[in-house]
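Start from chain G and add chain V according to the hints.
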Amino acid sequence: MACRFLKRSPSWLPVPSCHVSFPVMFSPKLKQWPVEIAFVALYVFLDWASYLSPYEGLNLTPWNPAPALGIVHVIRYGWRGAIPLFVGIAASDIVVRSMPGNWGATLLLSGVLSAGYACLAWMLKRHSPDGRFFAKPADFFRWSIWVVIGSLIIGTAYVSALVAVGLLPLDRWLTGLIRYWVGDSVGIFIAMPLFWCLSDAARRAQFVQRLANWETAVYSLVMLAVLWIVFMVDTTTSYRYFYILFLPLVWAASRQGLIGAVFSVSILQAGLAVAGFHQYLADISLFELQLRAFVIALVGFIIGVAIDEQQRSAAELRQTARLVVAGEMAGALAHEVNQPLTALSAYAAACERLIGHPEKTTQLGEVLQRLSNEVQRLSNVIRRLRDFFRTGATVLEPVPLRDLMRDVCAPFQDQARQSGIGFHIDPLPDVELLLDRLQVEIVFRNLLMNAFEAVTELSRAHQPAHAPEIRILSRLSVKKLTIDVVDNGPGVPEDSLEQVFEPFASTKSSGLGLGLAISRAIAEAHGGSLAIFSRHAPGGRGVCFRLELPLDAGEGGIRE
Amino acid sequence: MSNTVFIVDDDASVRDSLSLLLGLRGYRTILFADAESFLGAYRSDWRGCVLLDLRMQGMDGLALQRTLRERGVTLPVIIVTGHGDVRSAREAFRQFAVDFLEKPVDERHLVAAIEEAFAQQSAELKHLQQTQDFLARMATLTPREKEVLQWVIAGRHNREIAEILDISVRTVEVHKARMMSKLDASSIPQLMRMSLGTLEHRER
Chain G
0 MACRFLKRSP SWLPVPSCHV SFPVMFSPKL KQWPVEIAFV ALYVFLDWAS YLSPYEGLNL
60 TPWNPAPALG IVHVIRYGWR GAIPLFVGIA ASDIVVRSMP GNWGATLLLS GVLSAGYACL
120 AWMLKRHSPD GRFFAKPADF FRWSIWVVIG SLIIGTAYVS ALVAVGLLPL DRWLTGLIRY
180 WVGDSVGIFI AMPLFWCLSD AARRAQFVQR LANWETAVYS LVMLAVLWIV FMVDTTTSYR
240 YFYILFLPLV WAASRQGLIG AVFSVSILQA GLAVAGFHQY LADISLFELQ LRAFVIALVG
300 FIIGVAIDEQ QRSAAELRQT ARLVVAGEMA GALAHEVNQP LTALSAYAAA CERLIGHPEK
360 TTQLGEVLQR LSNEVQRLSN VIRRLRDFFR TGATVLEPVP LRDLMRDVCA PFQDQARQSG
420 IGFHIDPLPD VELLLDRLQV EIVFRNLLMN AFEAVTELSR AHQPAHAPEI RILSRLSVKK
480 LTIDVVDNGP GVPEDSLEQV FEPFASTKSS GLGLGLAISR AIAEAHGGSL AIFSRHAPGG
540 RGVCFRLELP LDAGEGGIRE
Chain V
0 MSNTVFIVDD DASVRDSLSL LLGLRGYRTI LFADAESFLG AYRSDWRGCV LLDLRMQGMD
60 GLALQRTLRE RGVTLPVIIV TGHGDVRSAR EAFRQFAVDF LEKPVDERHL VAAIEEAFAQ
120 QSAELKHLQQ TQDFLARMAT LTPREKEVLQ WVIAGRHNRE IAEILDISVR TVEVHKARMM
180 SKLDASSIPQ LMRMSLGTLE HRER
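Note that the protein sequences, when read in sequence, are chains G and V.
If you count by numbering that gives the first Met the number 0, then the first sequence holds residues 0 to 559, one letter each, in order.
If you count by numbering that gives the first Met the number 0, then the second sequence holds residues 0 to 203, one letter each, in order.
Chain G on its own, in the form it takes in the complex (with noise of 0.2 Å):
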């Protein structure tokens, strides 16, 4: 084992493999120093808090989260994280029960407990390398199964040394092991995932970004009243409300996932903490009471796993309707290439056939032209085309609306003005979004020259009913911005509305007949949709785009 371990050591430094800031941390030994004190301060505070209605004065309380604070910091830190985690436990002996043995048992039972907790650590490192304890639900279950057994297993040898160096009599043995157990699994269980959500600074920003919302104050606040009314007005020690806290918890689980769960179950443990504290709780009751808030959290957690899980499923699957419609791309390309490649082909092998009469110079060289013609006509193919593949992967970052719009705009009403176009922007909301610029950009740039196009055919008509007009709407809902692009021209035949986004559907003798599958594509990529109406407005017929964007694009797996 030993050995193994020894083996393992340098992968088990957790350097490259979690994602994380360690340089400063880590390489330079006595920058380190603040972080180990700070540890061993908050684990004696943890361990003062968490230590209400003991069992015979001794280190066994219902609940109790120091420990899982140790395991994260070994977790993170490695073997060494142990030294602090063994000075953490023997300084909450002293301080906050005051030594109830010798020197030589509080050195003894922290040397157990520190060895117990950072072989655990161990152990849940080895089986999540990448310190994915919560990403699936297979994770979560084996994590619980490991706490479960660890704590047993420190349990057994915890309460044994205790017996031994004579501070809990051996009939009291059974008892204290179960106390202890429940105390310890317990604790680890509701508060290693909140220390692990907040150990490193990317997990930090991912827990803040996702709790920024109003639903977590509005769900607080009803868990802080749940916790008033259990505890402050129904004055029987019954507790008879405690499942309602059931409600706000699941709500946080299923709109946040994990991240939520893990929240609002560490309110509801902060309050059993006051509560506890402040004596409102009988002695036994707060046992009791943990042992229910226990099946809540578990509760919440699974269903935050799950729902993580679901997320992560979705996004999956837009990134494969993606790589769907990149097929149909590539069929595209080839039908697009294949064009002017035909034309190509036939031209050379007509100037073969032209070379060896000097009298049909003259056709030979126009010929040459069209020849040359067909060449600049692929290389637009290949560049209108490399505009999509360019961009193949989605890089989001927060782009202003207004910004986004005035660059897209701008060569079109140029071309307004000089083919007197009525081009109008209706005000735009300023709001920042999450998304890929250049991908974006085609989107708009597709959706107007296709508008551009459609009106012009109009203006070519001999007696245009009416002056050619586009015109950009847009509106904001709490979810998502919808920006309408639409024109007046001669709009699309209704039964073959939906085909304009499949490749190829071009109506248009020169057009490409991709840009509107790309543009879906990108929109459907960002959370989004495109979709067409026909319009049977006063002004004339035509059609409306409507691009659908997630005010939140990304989040919840693009980005992944």
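Simulated from the structure, these hints should not be mistaken for laboratory data.
Some clues are possibly wrong.
Unchecked claim - Within a straight-line C-alpha distance of at most 25 Å, the following computed SDA-like cross-link-like pairs (lysine to any residue) qualify:
{"#": "1", "chain 1": "V", "residue 1": "Lys181", "chain 2": "V", "residue 2": "Ala135"}
{"#": "2", "chain 1": "V", "residue 1": "Lys181", "chain 2": "V", "residue 2": "Ala153"}
{"#": "3", "chain 1": "G", "residue 1": "Lys359", "chain 2": "V", "residue 2": "Asp15"}
{"#": "4", "chain 1": "G", "residue 1": "Lys359", "chain 2": "V", "residue 2": "Leu30"}
{"#": "5", "chain 1": "G", "residue 1": "Lys359", "chain 2": "V", "residue 2": "Leu23"}
{"#": "6", "chain 1": "G", "residue 1": "Lys359", "chain 2": "V", "residue 2": "Gly22"}
{"#": "7", "chain 1": "G", "residue 1": "Lys359", "chain 2": "V", "residue 2": "Arg24"}
{"#": "8", "chain 1": "G", "residue 1": "Lys359", "chain 2": "V", "residue 2": "Ile29"}
{"#": "9", "chain 1": "G", "residue 1": "Lys359", "chain 2": "V", "residue 2": "Val110"}
{"#": "10", "chain 1": "G", "residue 1": "Lys359", "chain 2": "V", "residue 2": "Ser12"}
{"#": "11", "chain 1": "V", "residue 1": "Lys175", "chain 2": "V", "residue 2": "Ser194"}
{"#": "12", "chain 1": "G", "residue 1": "Lys359", "chain 2": "V", "residue 2": "Thr3"}
{"#": "13", "chain 1": "G", "residue 1": "Lys135", "chain 2": "G", "residue 2": "Ala200"}
{"#": "14", "chain 1": "G", "residue 1": "Lys359", "chain 2": "V", "residue 2": "Glu106"}
{"#": "15", "chain 1": "G", "residue 1": "Lys359", "chain 2": "V", "residue 2": "Arg27"}
As the list claims (entries may be wrong) - To list a few chain V residues with every Cβ distance to chain G over 12 Å, as calculated:
{"#": "16", "residue": "Phe92"}
{"#": "17", "residue": "Glu114"}
{"#": "18", "residue": "Gln128"}
{"#": "19", "residue": "Asn157"}
{"#": "20", "residue": "Asp165"}
{"#": "21", "residue": "Glu172"}
{"#": "22", "residue": "Ile187"}
None of these values were measured; they are calculated from a predicted model.
Backbone N, C-alpha and C fix where the C-beta goes; we use that ideal spot for every residue, glycine too.
Here is chain V on its own, set in the frame of chain G:
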């Protein structure tokens, strides 16, 4: 009307280049930008073959091919496509396409396909001519001669025919000789072949 290659393709450059190349090789070409204009212009005395693109705005190549067959147009069809798949190739051949070429198309393959289409068409026309001649000659037969022909084709001997029609064997022989000469048939097997072709043609 002499053999002509009718090019139906929605891409102007493809039409122009193919027509130039085929023109230099001595073929007459007529160009159409879509299926509808081809159908609108079609005349039954057109001879040659159709070079047909699959993917076109409006009616696509396969639909045009189907429509032509439904209207009894016997112009052979060569499919030229930039994105052929098994499904469309199968469909094209089920509709008796001469060939299924992929863009960019090789000059030699194209010319070979056109020659094959022309050959196929002249065979078809020759057959059609023979059938029509035969039918015209049939029309000159008297009712009695037609009866005799029917029984000869059914494989009966003169004596049997005489019995069935209740006339003398000698009279049957006279009718038969006159019928054979009117139909320009030198032997019974040849007569059989000619009449079989007619039946076959009528079934199609």
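So, going through the hints one by one against the coordinates:
no.: 1; hint: Lys181(V) <-> Ala135(V); in the structure: holds (10 Å)
no.: 2; hint: Lys181(V) <-> Ala153(V); in the structure: holds (19 Å)
no.: 3; hint: Lys359(G) <-> Asp15(V); in the structure: holds (18 Å)
no.: 4; hint: Lys359(G) <-> Leu30(V); in the structure: holds (23 Å)
no.: 5; hint: Lys359(G) <-> Leu23(V); in the structure: holds (11 Å)
no.: 6; hint: Lys359(G) <-> Gly22(V); in the structure: holds (14 Å)
no.: 7; hint: Lys359(G) <-> Arg24(V); in the structure: holds (14 Å)
no.: 8; hint: Lys359(G) <-> Ile29(V); in the structure: holds (22 Å)
no.: 9; hint: Lys359(G) <-> Val110(V); in the structure: holds (22 Å)
no.: 10; hint: Lys359(G) <-> Ser12(V); in the structure: holds (21 Å)
no.: 11; hint: Lys175(V) <-> Ser194(V); in the structure: holds (15 Å)
no.: 12; hint: Lys359(G) <-> Thr3(V); in the structure: holds (24 Å)
no.: 13; hint: Lys135(G) <-> Ala200(G); in the structure: holds (22 Å)
no.: 14; hint: Lys359(G) <-> Glu106(V); in the structure: holds (21 Å)
no.: 15; hint: Lys359(G) <-> Arg27(V); in the structure: holds (19 Å)
no.: 16; hint: Phe92; in the structure: holds (21 Å)
no.: 17; hint: Glu114; in the structure: holds (16 Å)
no.: 18; hint: Gln128; in the structure: holds (35 Å)
no.: 19; hint: Asn157; in the structure: holds (64 Å)
no.: 20; hint: Asp165; in the structure: holds (68 Å)
no.: 21; hint: Glu172; in the structure: holds (64 Å)
no.: 22; hint: Ile187; in the structure: holds (53 Å)
The structure fails none of the hints (numbered hints given earlier).
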